[in-house]
Each structure stands twice: as C-alpha cells, then as structure tokens.
Amino acid sequence: MPPEPGPQNTQFHFSHLVRHPAFLGALIGVLAAFSQALLISAGGPEAYGFCVACHTRDLVNGLTNIIADTSLALAPISGNAILPVMSIVGVLIGAFLSAKVHREHKIKKADTKGYAIYFLGGFLVLQFAMIFGGCPYRAALRTGYGDLTALVFIITMAFGVVVGTLLMLKRAEKEES
Amino acid sequence: MATGILTKEVAIYAVPLVTLLLGVLIGYLAQRSGYCSVGGFRDYLLFRHTRILSGYLTLIVASFAGYLLFWFLTPAAMEHFFWALTSNPLSPVPGAPGGLAPAAYLIFAAIPGFLVGFICILLGGCPIRQTVMASEGSYKAAFFFIGMAAGSIIFAAVVSGWTVSLMKAIGFGA
Numbered sequence: 000m001p002p003e004p005g006p007q008n009t010q011f012h013f014s015h016l017v018r019h020p021a022f023l024g025a026l027i028g029v030l031a032a033f034s035q036a037l038l039i040s041a042g043g044p045e046a047y048g049f050c051v052a053c054h055t056r057d058l059v060n061g062l063t064n065i066i067a068d069t070s071l072a073l074a075p076i077s078g079n080a081i082l083p084v085m086s087i088v089g090v091l092i093g094a095f096l097s098a099k100v101h102r103e104h105k106i107k108k109a110d111t112k113g114y115a116i117y118f119l120g121g122f123l124v125l126q127f128a129m130i131f132g133g134c135p136y137r138a139a140l141r142t143g144y145g146d147l148t149a150l151v152f153i154i155t156m157a158f159g160v161v162v163g164t165l166l167m168l169k170r171a172e173k174e175e176s
Numbered sequence: 000m001a002t003g004i005l006t007k008e009v010a011i012y013a014v015p016l017v018t019l020l021l022g023v024l025i026g027y028l029a030q031r032s033g034y035c036s037v038g039g040f041r042d043y044l045l046f047r048h049t050r051i052l053s054g055y056l057t058l059i060v061a062s063f064a065g066y067l068l069f070w071f072l073t074p075a076a077m078e079h080f081f082w083a084l085t086s087n088p089l090s091p092v093p094g095a096p097g098g099l100a101p102a103a104y105l106i107f108a109a110i111p112g113f114l115v116g117f118i119c120i121l122l123g124g125c126p127i128r129q130t131v132m133a134s135e136g137s138y139k140a141a142f143f144f145i146g147m148a149a150g151s152i153i154f155a156a157v158v159s160g161w162t163v164s165l166m167k168a169i170g171f172g173a
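Chains A and X, in that order, are what the protein sequence lines are. Quick note, in numbering that gives the first Met the number 0, the first sequence goes up one by one and the last residue is 176. Quick note, in numbering that gives the first Met the number 0, the second sequence goes up one by one and the last residue is 173.
It should be emphasised that the hints constitute simulated quantities derived from the structure, not laboratory data. We treat Cβ as the ideally placed atom computed from N, Cα and C, and that holds for glycine. Please note that the accuracy of each hint is not assured.
Estimated spans, in silico, between C-beta atoms of each pair [stated by the list, open to error]:
(1) A:A115 to X:F71: 26 to 36 Å
(2) X:P74 to A:A115: 10 to 20 Å
(3) X:L45 to A:K108: 26 to 36 Å
(4) X:L121 to A:P75: 41 to 51 Å
(5) A:K169 to X:F71: 47 to 57 Å
(6) A:S176 to X:I169: 39 to 49 Å
(7) A:S70 to X:P88: 30 to 40 Å
(8) A:N79 to X:W161: 42 to 52 Å
(9) X:I169 to A:K108: 41 to 51 Å
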C-alpha cells in the first residue's frame with residue numbers, strides 16, 4: 000500500500016525545494032520587483048532591489064557619511080532614507096543564522112598572504128562592479144528590466160569565468176605532472 | 000519621478016527595515032543552497048552540472064516576470080520598464096553616470112564583466128557567495144568583504160571620477 004501523503008511528506012519536499020538555487024533565484028527576482036514597487040518613492044535607481052556590490056557601497060558610504068560627516072556618493076534611495084539599504088547586513092545575519100542552525104558554522108583561518116589576496120580581490124571586484132553599476136545580481140535584475148548593457152556584462156562575465164577556470168585547470172595539470 | 004506604494008515620507012523609514020528583512024531571507028536561503036553566479040558557469044563548464052547555474056538563470060527570468068507583474072499592479076513604480084524598447088537600446092537604465100556616449104557604457108559593461116568573472120572564479124565565489132562564506136566562518140571570505148568595504152570609499156572618493164574622465168579623454172563624451 001502506498002504511504003498516504005501527510006504533512007511530513009510535504010515538509011520533506013519543501014525542504015528540498017528551498018535548498019534549490021533556482022528557488023532562491025525566483026524569490027530574489029520577485030522580491031526585488033516588490034521592493035522597488037514598495038520603496039521607489041524614496042529614490043532611484045530602478046532595478047536596484049538587490050545587489051551585493053552596490054548595497055555594500057551604500058551601507059559603508061552611508062554610515063561613513065553619518066559618522067564622519069563626509070559626503071561620499073551613494074544611491075539616492077540610500078541618501079534620502081534615514082539609514083542606507085541594509086540588505087547586506089541582512090545577508091550576513093541570515094547566512095550566520097542558517098549556518099548555526101544547521102551546524103555548518105566553522106572558523107577557517109588562513110595565512111596572511113591568503114588574507115591579502117582576498118582583500119585585494121574584494122577591493123578590485125567592487126571597483127569593477129561599480130564601474131558597471133552593479134554586481135552579477137543587479138546585472139541580472141537590469142537584464143530583466145530590459146537593459147541590454149547588463150546582458151553584455153553577463154556574457155563577458157561568463158567568458159571571464161571560462162578563461163579563469165581553464166587557467167586553473169592548466170595550473171592543476173602542471174602541478175600533477 | 001517614480002512613485003511606489005508607500006509615500007516618500009513612509010518609504011524613507013521603510014527602506015532600511017524592508018531591505019534588512021529581504022537580506023535575512025536571501026542570506027538564509029543562499030547559505031542553504033550554495034547560491035553563486037560565477038560558480039554556476041564553472042560547474043557547467045567542468046562537470047555539466049546545471050544546479051547552481053539554474054539559480055542564476057532563474058533570477059534573470061524571474062526578475063523579468065516580477066517586474067512585469069508589478070508593472071501591471073503599480074505602473075508608476077516601474078517607470079522605465081522595457082528600457083531597451085523605449086530608449087536607446089545600448090544605454091544603461093538611469094542611475095549610471097551621465098554625459099557619456101553609448102560606446103562608453105558598453106566598455107563599462109564588457110571589461111568589468113570579464114574582470115569580475117575572472118577574479119571571482121579565481122577566488123572561488125561571487126560577492127554573495129563570499130559574503131555567505133564569511134558568515135560561515137571563513138576568514139579569507141571575511142577579508143574579501145572587508146576589501147569590498149574599503150573599496151566602496153575609494154571608489155566614491157577617487158575611482159568613479161577617474162573612469163568618467165578617462166572616457167571623456169578618449170572621446171566618448173556625449
């Protein structure tokens with residue numbers, strides 16, 4: 000006899016669904032549009048619902064402006080609001096909670112050289128992302144909004160990934176032989 | 000000027016709160032799913048795995064669907080939806096630095112795109128993956144985030160002015 004579909008069964012499927020990247024992709028897309036519909040009166044730009052690079056910029060520069068009384072540039076929505084956009088603080092909290100709940104939080108230290116490389120990497124990625132006006136996520140939102148330059152960004156980004164991956168493969172092969 | 004569901008007086012208070020809640024939800028699920036944009040292209044290239052890639056491709060489609068839905072519900076908030084159809088198709092949505100020719104914006108998209116993909120894949124994750132890994136306890140990813148934070152101030156103070164002047168100097172001013 001087949002087992003009756005009960006609440007436990009749906010729970011099981013639901014937990015698989017929320018762990019699928021496509022579920023989060025769909026959620027970010029709809030929530031970004033919802034967030035714009037809700038908040039756009041505070042200021043632009045459009046297609047700005049979620050972006051790691053821009054929202055980090057807004058957070059850091061917005062708080063620096065408040066604390067140190069500087070006037071660093073940031074998006075109008077963050078400049079007009081009482082506090083800048085807080086999505087990145089949210090991401091840090093949400094990911095920390097999830098890692099704690101699922102016992103995946105683990106301190107991983109490295110050497111100074113590793114820290115320096117990652118610091119430089121983060122620094123450079125932010126410069127390039129901001130020159131374009133968004134990280135890969137805002138590029139996706141802008142593409143959905145009808146911005147073809149963002150599609151150019153995504154295509155060249157995929158190309159950059161291919162070059163980087165092949166470079167790493169070659170280096171790994173060299174180390175093996 | 001675009002108007003949303005909330006009036007400006009309410010929205011300026013709602014901005015930090017709403018974005019914080021969205022961020023918590025996104026961060027939680029990103030940690031569960033290992034969400035990454037550049038990692039998807041790498042996994043497809045190396046192993047023909049589509050799991051991670053599907054997350055990013057779904058985002059593009061879902062954002063279009065989401066904007067379309069709210070364009071029907073609140074058209075005033077989606078002022079420039081269908082951007083490429085209603086303006087010069089090779090210009091970015093409003094918010095980019097003004098006064099440059101379309102060629103400059105294509106350069107701003109193509110070269111940074113390549114470099115973001117290249118650097119992120121060498122470091123093993125796009126900005127959101129690094130942020131999530133920092134929350135999971137990776138010191139290296141935390142330094143990536145600190146690098147982004149330091150870069151924010153330098154970009155606003157120095158680099159953004161440079162890039163616009165550079166484009167004007169090589170003849171891509173409007």
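Each hint tested on the structure:
| no. | hint | verdict |
| --- | --- | --- |
| 1 | A:A115 to X:F71: 26 to 36 Å | violated (50 Å) |
| 2 | X:P74 to A:A115: 10 to 20 Å | violated (49 Å) |
| 3 | X:L45 to A:K108: 26 to 36 Å | holds (28 Å) |
| 4 | X:L121 to A:P75: 41 to 51 Å | violated (34 Å) |
| 5 | A:K169 to X:F71: 47 to 57 Å | holds (50 Å) |
| 6 | A:S176 to X:I169: 39 to 49 Å | holds (44 Å) |
| 7 | A:S70 to X:P88: 30 to 40 Å | holds (34 Å) |
| 8 | A:N79 to X:W161: 42 to 52 Å | violated (27 Å) |
| 9 | X:I169 to A:K108: 41 to 51 Å | holds (45 Å) |
Hints 1, 2, 4, 8 from the earlier list are contradicted by this structure; the remaining hints agree with it.
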